[in-house]
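4 protein chains.
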Amino acid sequence: MADRLRAAVLGATGLVGQRFVSLLARHPWFSLEAVTASERRVGKRYGEAVEWYIDEPFPDEAAELELRPTRPEAVRDADVVFVALPKEVAAGIEPELARMGKIVVSNASVYRMEPDVPLLNPEANWEHIQLVKVQRQRRGWSGAILKVPNCTTAVLTLSLKPLLDRYGLEEVYMTSMQAISGAGFAGVPGYAIVDNIIPFIKGEEEKVVRESRKILGRLEAGEVRPAGFRVVATATRVPVLDGHLESVVARLSKAPGGVEEVVEAWEGWRSLPQELGLPTAPERPIVVRREPDRPQPRLDRRTGRGMSVVVGRASLPLEGEPLLRYLVLGHNTLRGAAGTGVLIAELYYKLVEQVF
Amino acid sequence: MADRLRAAVLGATGLVGQRFVSLLARHPWFSLEAVTASERRVGKRYGEAVEWYIDEPFPDEAAELELRPTRPEAVRDADVVFVALPKEVAAGIEPELARMGKIVVSNASVYRMEPDVPLLNPEANWEHIQLVKVQRQRRGWSGAILKVPNCTTAVLTLSLKPLLDRYGLEEVYMTSMQAISGAGFAGVPGYAIVDNIIPFIKGEEEKVVRESRKILGRLEAGEVRPAGFRVVATATRVPVLDGHLESVVARLSKAPGGVEEVVEAWEGWRSLPQELGLPTAPERPIVVRREPDRPQPRLDRRTGRGMSVVVGRASLPLEGEPLLRYLVLGHNTLRGAAGTGVLIAELYYKLVEQVF
Amino acid sequence: MADRLRAAVLGATGLVGQRFVSLLARHPWFSLEAVTASERRVGKRYGEAVEWYIDEPFPDEAAELELRPTRPEAVRDADVVFVALPKEVAAGIEPELARMGKIVVSNASVYRMEPDVPLLNPEANWEHIQLVKVQRQRRGWSGAILKVPNCTTAVLTLSLKPLLDRYGLEEVYMTSMQAISGAGFAGVPGYAIVDNIIPFIKGEEEKVVRESRKILGRLEAGEVRPAGFRVVATATRVPVLDGHLESVVARLSKAPGGVEEVVEAWEGWRSLPQELGLPTAPERPIVVRREPDRPQPRLDRRTGRGMSVVVGRASLPLEGEPLLRYLVLGHNTLRGAAGTGVLIAELYYKLVEQVF
Amino acid sequence: MADRLRAAVLGATGLVGQRFVSLLARHPWFSLEAVTASERRVGKRYGEAVEWYIDEPFPDEAAELELRPTRPEAVRDADVVFVALPKEVAAGIEPELARMGKIVVSNASVYRMEPDVPLLNPEANWEHIQLVKVQRQRRGWSGAILKVPNCTTAVLTLSLKPLLDRYGLEEVYMTSMQAISGAGFAGVPGYAIVDNIIPFIKGEEEKVVRESRKILGRLEAGEVRPAGFRVVATATRVPVLDGHLESVVARLSKAPGGVEEVVEAWEGWRSLPQELGLPTAPERPIVVRREPDRPQPRLDRRTGRGMSVVVGRASLPLEGEPLLRYLVLGHNTLRGAAGTGVLIAELYYKLVEQVF
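Protein chains in written order, with the UniProt record's numbering: chain A, 1 to 356; chain B, 1 to 356; chain C, 1 to 356; chain D, 1 to 356.
Just so you know, these hints were derived from the structure itself, not from any lab.
Any given hint could turn out to be false.
As the list makes no split between identical chains, a pair holds if one copy fits it or if it spans any two.
Each computed DSS-like pair below joins lysine-lysine, with the alpha-carbon atoms no more than 30 Å apart [as the list claims (entries may be wrong)]: (1) Lys133 - Lys207; (2) Lys254 - Lys207; (3) Lys202 - Lys44; (4) Lys350 - Lys254; (5) Lys202 - Lys87; (6) Lys207 - Lys87.
Take the sequences, apply the hints, and build the full model.
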């Protein structure tokens with residue numbers, strides 16, 4: 001294997017694809033070699049075909065890449081393939097890529113709940129990466145599929161992990177206020193969302209319920225035993241460009257010794273990605289703001305280059321009950337998609353392949 | 001008493017004041033005689049002094065009224081006085097008006113929790129109006145102070161009342177997404193709220209907790225015994241002009257026989273204001289939308305001329321648990337302020353004075 | 001011909017289609033009999049198939065209409081057909097309908113510049129309706145095609161007409177700030193327009209240039225001689241739901257005797273639709289606001305039920321030059337589309353058919 | 001004079017003040033020593049007193065600075081004083097500071113039109129800095145007052161300068177679409193601007209008219225002879241956070257040899273700040289975008305770290321006429337305020353003091 005790993009992005013012109021390209025264009029370990037798009041854009045230069053709408057400068061390194069068709073054989077030269085495709089398209093391509101020996105790091109929701117597919121929010125459950133062995137054994141693949149969680153779930157589970165470890169979790173009530181970018185560039189019409197909220201995102205609540213229990217589950221004998229807490233999730237879409245804000249009430253198994261104790265549990269929490277110094281890992285996975293009016297999406301979504309989640313307004317509202325109330329914010333296309341995707345790939349090469 | 005009751009609005013140029021003026025300008029029972037404002041506007045005609053920003057046509061009937069100072073003696077000629085003032089200003093004026101014999105219907109938060117002051121969301125607790133007698137006895141007033149609830153609480157308690165009656169209530173977890181108008185015309189800077197959410201509204205959560213228990217409490221021996229359920233409230237401000245949306249999880253005392261049963265309980269519910277045919281009472285206090293993506297603030301806030309609350313997305317998310325999830329929307333300056341104020345006055349004159 | 005004329009709306013589920021349905025559902029002359037949509041919705045009831053997003057209550061009268069396919073033979077029973085279709089679809093259907101004897105009132109841009117097709121902004125050029133005779137002669141149709149102007153042009157030309165008549169026009173410099181609804185429900189992605197302006201609308205500037213000269217041209221010997229003034233148009237899209245605002249500098253042929261004289265020319269102006277009392281004609285085609293900060297889209301777009309244009313900030317900025325500066329606002333899907341469409345039909349039946 | 005110049009910011013907690021602090025905190029020549037605020041914040045640490053709302057990370061270097069009162073004697077230790085105060089407050093302070101020997105670089109509008117005060121948009125009129133000599137002679141000051149232009153004017157004049165030099169200018173028609181931040185943090189209520197445009201900004205149009213002629217005027221015998229072109233300006237406020245977009249039609253003195261020639265004139269243009277390599281000077285003062293739909297405020301306002309203006313959509317719309325149409329965008333609190341302020345200070349120390 002070469003000095004730098006060759007990376008491809010499938011679906012490189014969408015919002016998540018643009019984030020992948022932005023993160024990979026100057027990555028210390030990966031070299032972005034291939035980008036793909038839908039048929040009508042194939043053959044064009046990335047720099048001219050993409051409508052660059054994200055809040056990062058366009059990476060000139062990617063400008064000259066020629067858009068390839070979104071097919072397995074088109075990325076034969078890649079070591080690692082990042083997938084930012086609709087689930088229907090991803091479903092057919094990903095197993096084929098894994099069979100070809102590719103490391104497939106995918107943001108598509110398909111296969112997330114397969115027992116032998118790791119669903120990784122690295123700081124929360126890096127050890128699930130061992131499922132790769134099971135997957136290869138069972139499927140006979142030389143590559144592997146690794147999944148990025150649903151965006152809302154990625155933000156939520158990061159905030160829950162230290163709570164689960166320290167206090168145990170019984171129930172989680174969550175209402176999300178999700179950014180427009182979560183639906184992709186053209187997913188939410190301007191006429192629908194200005195001066196409005198849409199209190200429904202198809203399939204989202206189900207994903208939060210089942211994915212959070214898998215992510216925070218325990219790996220035992222080659223299987224993930226889902227965590228036992230129950231989740232009630234209500235997902236809404238708000239007129240915000242980037243950053244999902246989540247209002248959470250968590251019923252803990254035992255009462256904390258005060259809010260400050262919880263805050264310290266969050267603030268002091270580090271995990272393997274921090275210890276390994278993975279390039280995309282934020283210094284602090286969870287940043288706690290003590291001002292009464294934070295986190296705010298526009299002000300806080302870039303915290304830790306979009307890879308930290310920001311927690312605020314923690315309180316124990318019902319005397320004598322182990323009930324914790326807080327808000328948590330995360331960047332939905334970084335921590336909730338492409339950033340976590342790149343972090344997963346870094347974890348894989350460091351831990352499994354031991355390349356770096 | 002004359003055919004029509006003479007009404008005054010204190011603080012008539014603000015957003016809630018404008019709603020009062022709009023509702024009273026053509027009211028069948030009340031005749032708008034007086035409007036007041038802060039010093040610098042006194043003496044001007046209402047039509048030239050007000051910046052009419054609400055989504056109702058300006059009522060020409062009010063154009064020629066001369067703005068009076070915001071002082072008790074300035075509205076000596078009024079029978080009923082509607083108050084849309086900051087609580088600090090209202091605190092000094094309201095008792096004085098009640099002493100002068102005025103019926104004071106107030107949107108200011110001060111005095112809401114006084115034991116002898118009725119806090120009225122008429123469909124939910126019209127019988128609390130009997131506190132007027134206690135109040136007069138205790139204070140020696142010939143008039144009375146009647147209070148409009150906090151806007152978020154007004155919307156919430158209307159949706160809770162049929163649940164409480166039928167199933168009992170143990171706990172309520174609520175996250176609100178509140179409109180800009182809730183802070184008054186200049187209360188939320190444009191630079192703070194575009195592409196953003198502010199997850200904090202000073203004093204709001206405390207109001208929801210205590211007012212909802214008073215409103216849904218039982219009147220016994222001249223006192224309101226607060227309802228026993230517990231409330232965890234998280235209040236946020238979103239880039240929406242009008243209409244508060246609330247995401248609710250209610251732990252009921254006994255399990256409903258299915259979601260449809262709950263929906264029918266809401267839809268079939270009528271109360272005294274409907275039976276009496278009060279002019280401002282909506283035909284249906286609670287409207288249930290069955291589409292998966294409703295209620296939406298922009299589309300639903302005008303339902304029942306802004307006096308209905310709109311419920312959607314009801315579900316029983318945890319099998320075997322009496323836990324009800326839903327969203328409820330209400331117009332914050334109509335059902336949540338001026339509309340309920342006018343409805344309270346109608347109730348008072350119909351029921352207590354028996355004028356109509 | 002029956003008492004009431006039978007009307008159909010082609011493309012009834014889009015934003016302009018919804019406006020047509022809303023205006024026709026309770027129209028005194030027209031009876032809405034047929035609505036059409038694209039294939040996947042055919043057969044459904046209008047009330048269940050439409051996503052009603054406009055700021056009018058849904059007209060229950062239209063709820064039970066069954067959606068028909070968008071084909072000429074599907075509206076055989078209609079007298080007048082209102083077209084709210086993309087121009088590519090309209091191009092094939094409209095001539096066929098005219099051949100079948102239908103009065104086709106169309107918002108589609110195709111055929112607007114055909115010499116024998118009247119392009120009508122009724123108050124500005126009602127006399128162009130005489131082109132119907134030329135059209136029938138030339139094409140051998142028993143029906144006719146009548147065109148609604150481009151939305152921006154409709155607003156602009158209404159404000160220009162009294163200026164042209166009184167002072168003559170040399171040049172017009174216009175910058176538009178156009179609402180999201182002008183692109184249709186899903187035409188502008190939320191991610192593109194929040195906290196942004198898009199300074200380009202495909203084909204719009206060309207339409208303003210050529211259509212304004214046709215509309216304000218003179219009918220001579222069965223032909224429209226375009227007005228001679230020149231137009232420089234810059235079109236932008238802004239985060240506003242409804243209402244196009246236009247900043248105008250007009251070089252007049254002779255200098256006005258002061259701004260007040262111009263204001264009076266606008267305010268006093270009435271035209272044939274007002275004299276005939278056509279149901280959809282606003283009392284005043286041009287409303288002038290004298291406040292320094294008007295017109296504002298959200299506050300003024302409903303003026304004259306969306307059929308008046310609102311002018312403000314008129315000034316003569318360069319001493320000694322016949323240069324008039326002002327802003328004009330109009331509701332883009334009422335005055336700029338469906339409202340003017342219905343007004344055209346009213347004019348036709350009153351004037352040409354002399355039915356009413 | 002020390003190695004690094006000691007800088008103070010008056011009015012450091014407002015939006016423009018925050019930009020000054022952000023630019024100065026890590027500036028190679030200036031050392032930020034003092035920040036001032038209004039009375040109620042004096043004595044607090046900057047880091048705790050400021051509500052940091054701009055899209056730059058908070059500069060930790062400034063966190064511990066203690067807020068001083070906004071008075072001349074409070075910044076006695078500064079060499080250069082940057083002023084981000086309302087004009088009424090600035091009026092009394094600035095002459096006093098200049099008398100004390102301070103270099104006062106001010107964003108306040110007061111004194112901008114004084115004949116001996118340089119109004120500097122450095123790339124456009126750096127040579128006006130010679131007025132400092134006149135000012136000192138006339139006033140007997142050892143310091144000096146240097147003025148930053150009005151934000152809209154700064155953006156406009158940068159785009160006009162190469163046109164004036166090459167083709168001459170007769171008339172300029174400009175409509176601005178200005179960002180919310182132009183009015184300061186709380187200057188535009190959220191309720192006024194969501195789903196709306198306010199077509200009026202007090203005093204703005206007059207500033208554009210007179211300041212643009214001064215900036216582009218010629219320095220002769222110690223006086224600025226205003227440029228002779230006439231300006232018609234219409235200023236509007238739009239729901240955009242940062243970035244003023246301006247739609248311009250310029251009547252040139254002689255016709256360009258085609259649009260491409262004009263584009264090259266803009267793109268090739270460099271001025272003294274670029275030649276001197278001033279730290280805050282953008283590499284290219286004018287960036288031309290060739291896509292049909294640019295510049296867009298959200299996508300382009302950060303070009304050249306907010307110091308470039310971005311031009312697009314240039315055309316010669318009227319055949320045979322020397323009329324140029326284009327749009328220009330600039331960051332209103334960087335190029336239009338604090339960024340230009342810092343650039344002026346750099347120019348002064350390099351050119352007049354020859355310190356660097």
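Here's how the hints hold up against the structure:
Only within a single protomer do Lys133 and Lys207 lie at most 30 Å apart by alpha-carbon distance; the minimum there is 25 Å, versus 55 Å between protomers. For a Cα distance limit of 30 Å, the shortest separation of Lys254 from Lys207 qualifies both inside one copy, at 27 Å, and across copies, at 28 Å. In the homo-oligomer, the alpha carbons of Lys202 and Lys44 lie at most 30 Å apart only across protomers (23 Å), although the nearest pairing inside one protomer, at 33 Å, exceeds that limit. Proximity of Lys350 to Lys254 under the C-alpha cut-off of 30 Å is found in neither arrangement, the shortest distances being 36 Å within a copy and 53 Å between copies.
In this homomeric assembly, Lys202 and Lys87 come within 30 Å of each other (Cα to Cα) only inside a single copy, at 13 Å, whereas the closest approach across copies is 33 Å. Taking CA atoms no more than 30 Å apart as the test, Lys207 paired with Lys87 passes inside one copy only; the shortest distance there is 13 Å, against 41 Å between copies.
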